[in-house]
Amino acid sequence: MITLNRWRTPSIIPGFGLTAGYTVFYLSLIVLIPLSVLLLKALNLNLDQWVALITDKRVLAALRLSFVGALVAGFLDTVLGLLVAWVLVRYSFPGRKIADALVDLPFALPTAVAGIALTALYAKNGWIGQFFEPLGIKIAYTPIGVVIAMTFIGLPFVVRTVEPILQDLDRDVEEAAASLGASRLQTFAHVLLPSLGPALMAGFSLATARAVGEYGSVIFIAGNMPGISEIAPLLIITKLEQYDYNGAAAIAVIMLAISFTLLLAVNIISRKSRSGAP
Amino acid sequence: MSVSNATREPRWVQITLTLLALLVLALFLVLPLATVIIQALSKGVDRSIATLENQDTLSAIRLTLTVALISVPLNLIFGLSASWAITKFTFPGKSLLVSLIEIPFSVSPVISGLIFVLLFGLRGLFGPWLIDHDMKIIFALPGLVLATVFVTFPFVARELIPLMEEQGRDEEEAALVLGAGGFRAFWSITLPNVRWGLLYGVLLCNARAMGEFGAVSVVSGHVRGLTNTLPLHVEILYNDYDFVGAFTAASILALLALVTLILKTALEWWHRDELASSRH
Numbered sequence: 001m002i003t004l005n006r007w008r009t010p011s012i013i014p015g016f017g018l019t020a021g022y023t024v025f026y027l028s029l030i031v032l033i034p035l036s037v038l039l040l041k042a043l044n045l046n047l048d049q050w051v052a053l054i055t056d057k058r059v060l061a062a063l064r065l066s067f068v069g070a071l072v073a074g075f076l077d078t079v080l081g082l083l084v085a086w087v088l089v090r091y092s093f094p095g096r097k098i099a100d101a102l103v104d105l106p107f108a109l110p111t112a113v114a115g116i117a118l119t120a121l122y123a124k125n126g127w128i129g130q131f132f133e134p135l136g137i138k139i140a141y142t143p144i145g146v147v148i149a150m151t152f153i154g155l156p157f158v159v160r161t162v163e164p165i166l167q168d169l170d171r172d173v174e175e176a177a178a179s180l181g182a183s184r185l186q187t188f189a190h191v192l193l194p195s196l197g198p199a200l201m202a203g204f205s206l207a208t209a210r211a212v213g214e215y216g217s218v219i220f221i222a223g224n225m226p227g228i229s230e231i232a233p234l235l236i237i238t239k240l241e242q243y244d245y246n247g248a249a250a251i252a253v254i255m256l257a258i259s260f261t262l263l264l265a266v267n268i269i270s271r272k273s274r275s276g277a278p
Numbered sequence: 001m002s003v004s005n006a007t008r009e010p011r012w013v014q015i016t017l018t019l020l021a022l023l024v025l026a027l028f029l030v031l032p033l034a035t036v037i038i039q040a041l042s043k044g045v046d047r048s049i050a051t052l053e054n055q056d057t058l059s060a061i062r063l064t065l066t067v068a069l070i071s072v073p074l075n076l077i078f079g080l081s082a083s084w085a086i087t088k089f090t091f092p093g094k095s096l097l098v099s100l101i102e103i104p105f106s107v108s109p110v111i112s113g114l115i116f117v118l119l120f121g122l123r124g125l126f127g128p129w130l131i132d133h134d135m136k137i138i139f140a141l142p143g144l145v146l147a148t149v150f151v152t153f154p155f156v157a158r159e160l161i162p163l164m165e166e167q168g169r170d171e172e173e174a175a176l177v178l179g180a181g182g183f184r185a186f187w188s189i190t191l192p193n194v195r196w197g198l199l200y201g202v203l204l205c206n207a208r209a210m211g212e213f214g215a216v217s218v219v220s221g222h223v224r225g226l227t228n229t230l231p232l233h234v235e236i237l238y239n240d241y242d243f244v245g246a247f248t249a250a251s252i253l254a255l256l257a258l259v260t261l262i263l264k265t266a267l268e269w270w271h272r273d274e275l276a277s278s279r280h
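Protein sequences, first through last, are from chains A and B.
So in the numbering used here the end of the first sequence lands on 278, straight run, no missing numbers.
So in the numbering used here the end of the second sequence lands on 280, straight run, no missing numbers.
Worth flagging that the hints you see were computed from the coordinates, not collected in a lab.
There's no promise every hint is true.
No farther apart than 35 Å at their CA atoms in a straight line, the calculated lysine-lysine pairs in the DSBU-like style are these [as the list claims (entries may be wrong)]: (1) Lys264(B) to Lys94(B); (2) Lys264(B) to Lys97(A); (3) Lys124(A) to Lys138(A); (4) Lys124(A) to Lys43(B); (5) Lys138(A) to Lys57(A); (6) Lys97(A) to Lys124(A); (7) Lys43(B) to Lys138(A).
Let's have the full structure, built from the sequences with the hints guiding it.
Next comes the structure, spelled out in structure tokens:
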């Protein structure tokens with residue numbers, strides 16, 4: 001306690017030793033130690049095993065589906081999320097507040113429920129799937145279905161990051177652009193979009209990061225065909241069921257490494273674009 | 001064209017965009033929710049009620065409640081403790097601590113379950129020791145609680161930290177100078193100040209705890225009536241081609257989501273000022 005107290009700037013408020021000590025203890029117990037065991041397990045693989053793992057066709061296909069699918073879903077979320085946020089902030093129509101509250105549904109709805117609901121909708125005899133079946137487009141049990149589930153789960157991230165920025169935007173700038181002769185579309189492309197850039201980037205990266213690791217809402221609609229519609233998290237479970245703990249840990253570490261790199265890259269890009277913004 | 005009109009889109013553009021946005025919301029949000037309810041009732045109310053009265057469903061509901069009842073208070077105590085330490089004191093490493101608390105949000109649910117299997121599973125680090133002492137964590141209640149605590153770890157803390165940061169330390173300091181003890185200051189000043197934010201965090205934490213699927217799926221072992229939570233029960237019924245049963249169980253969870261959403265929106269409408277200002 002005494003040593004912990006020396007760590008902080010003096011204050012008359014008591015309880016630093018107790019609360020800081022408990023916080024660090026609980027954080028280590030639940031988060032830090034378990035996650036470091038993951039790294040340790042992955043290090044158990046020798047170089048040959050690593051090479052075998054990352055050249056395995058099934059592993060590569062699953063990682064590719066998870067990441068490319070998540071990027072496509074993140075992009076779709078950015079476009080759709082901008083549209084939804086724009087309409088919710090700028091226009092008034094009956095039911096706007098309810099529509100705004102509904103946006104958070106993917107956060108609140110348990111993923112398994114979303115999973116079976118989306119599968120029922122997009123199956124070939126489902127409410128939506130039946131319209132695509134005659135066109136020869138299969139959605140459920142294909143990578144398209146995976147992307148749809150990932151888009152569903154990521155949509156609120158973009159709406160909720162763009163909405164507050166859009167609310168705070170100064171109308172003066174838009175008026176200035178208009179009075180200087182810019183068309184509405186020009187104002188949108190050259191004035192509004194650049195100021196929304198960082199928020200869109202942040203929303204995109206959050207949605208993509210969530211989609212990469214998503215499991216519950218994806219596995220039902222995916223069909224889980226090895227090499228075609230099998231996502232990386234499912235492959236981890238398959239490895240676990242075969243008691244290949246090291247292999248499961250290795251795939252998990254690869255996933256974590258790629259998504260942290262992705263988040264970092266987007267952070268750097270958005271910081272650059274922010275400093276370059278007018 | 002006047003300037004004020006110049007910052008608005010033509011009427012037809014406004015209407016088209018609004019309809020498009022509503023279409024997106026209907027297709028992506030309303031339709032899945034409606035499907036769950038309609039599929040649950042597709043073979044008549046009797047069939048749905050039969051699922052609800054089924055012993056396996058009842059024990060799944062019981063287990064889900066038990067897991068949430070243990071996990072949510074654990075993270076609530078942690079959230080209070082972390083936000084007190086982080087916002088009432090100044091110390092080096094503070095922002096690192098805040099980022100570390102957020103880690104579970106960026107870890108895949110499956111990986112969240114995996115780490116506990118690596119620790120306590122049959123061939124995990126402590127697996128042999130647990131077998132020798134006749135204890136079970138994975139494929140039992142403790143594993144379900146651990147995985148749930150991990151995925152819901154940041155909810156309360158990340159709501160309270162910005163809120164208490166904003167409120168500062170003056171009121172607590174005044175109470176202490178006037179002779180109140182630390183616990184008294186916490187109980188009569190800090191807690192009432194953050195009550196709505198606390199409720200908001202607990203609400204979201206609980207919704208996730210009851211609805212978690214991926215992390216719990218890895219550590220559960222899927223034993224019907226024993227280690228099956230309600231979301232896992234949905235999967236089992238679905239894979240058994242008992243669609244009415246699956247969607248009935250799912251509609252209980254959907255109802256939970258709707259109630260959460262309504263309470264959350266109500267809190268945001270009436271207590272906006274007393275909630276953390278920054279959130280996505």
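Hint-by-hint comparison with the structure:
1. Lys264(B) to Lys94(B): holds (29 Å)
2. Lys264(B) to Lys97(A): Holds, because 13 Å separates the two Cα atoms, which is no more than 35 Å.
3. Lys124(A) to Lys138(A): Since the Cα atoms of Lys124(A) and Lys138(A) sit roughly 7 Å apart, the hinted pair holds (cutoff 35 Å).
4. Lys124(A) to Lys43(B): holds (20 Å)
5. Lys138(A) to Lys57(A): holds (24 Å)
6. Lys97(A) to Lys124(A): The hint holds at about 34 Å.
7. Lys43(B) to Lys138(A): holds (27 Å)
Checked against the numbered hints listed earlier, the structure breaks none of them; every hint is satisfied.
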